[in-house]
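In my numbering, the protein residues as written are 190 to 411.
Keep in mind that the hints were calculated from the coordinates and are not lab data. Idealized CB from N, CA, C, for every residue including glycine. A portion of the hints provided could be inaccurate.
What the hints assert, rightly or not - For each label pair, taking beta carbons as the anchor points, the in silico distance ranges come out as: (1) Pro-294 <-> Ala-401: 34 to 44 Å; (2) Gln-298 <-> Met-190: 36 to 46 Å; (3) Glu-406 <-> Leu-320: 31 to 41 Å; (4) Met-341 <-> Lys-366: 32 to 42 Å; (5) Lys-366 <-> Thr-400: 39 to 49 Å; (6) Met-190 <-> Gln-233: 12 to 22 Å; (7) Ala-276 <-> Asp-228: 40 to 50 Å.
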Amino acid sequence: MPTIAIVGAGPGLGLAIAQVFGRQGFGVALLSRSQEKLDGLVAQLGEAGIEAAGFAADVLDRPSLTAALAAATERFGSIDVLEYSPAPHTASPTLAMADVLDVTPENLQPQLDYYLYGAVTAANAVLPAMLAAGAGTLLFTTGAGSVTPLAMMGNVNAAAAALRNWVLNLHGALADKGIYAAHVPINAWIGSGAPSTDAATIAQTYWDLYTARQEAEHLYTA
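Could you put together the complete structure from these sequences and hints?
Structure follows, in structure tokens:
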């Protein structure tokens, strides 16, 4: 059974991606900070007949992220698809947005830790096995500000753009090794009411990218 690991899984897009892949016969490894919330998502997927398990990890704690992905690999046998889309905790002062004119090394570093270094850590945890198998998929999600930045999100967009640059580079480097890497910037307020902002609709994009294996980047615009 192939397996998708979703880093930053929550009740919105993460759950929707899990449902899309799970209905196609994938096992689902869910990673986020709260084991209690993960258990609820796992139960919800189980009710739909999808095999899933949750692994608590914080992307700002790289050893915990590496350990959680190792545990997921042990549980399912392999990680065939990695999807990285953590959402910052709204109450976290460490990850507060800063206007582009107010960006400092101090308020940029946590964003780099969260977006770029977390993604690199997650990829490094699963990529060696993918390279050995000659197969795998790496999908990384950001907001559209990684492509078209907003002044009010100066530090966030700078870090997300760094992640984007790395993923586009990764796409080219892995193309002849059987591994597909892509960046998915989302220009939508997910769940805001319009059909195109529905998490289930957006999640289908990830399956389409996984099956087509062509685009280095897909900008989803509602």
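Checklist entry - Failing hints, ascending? => result 3, 5 and 7
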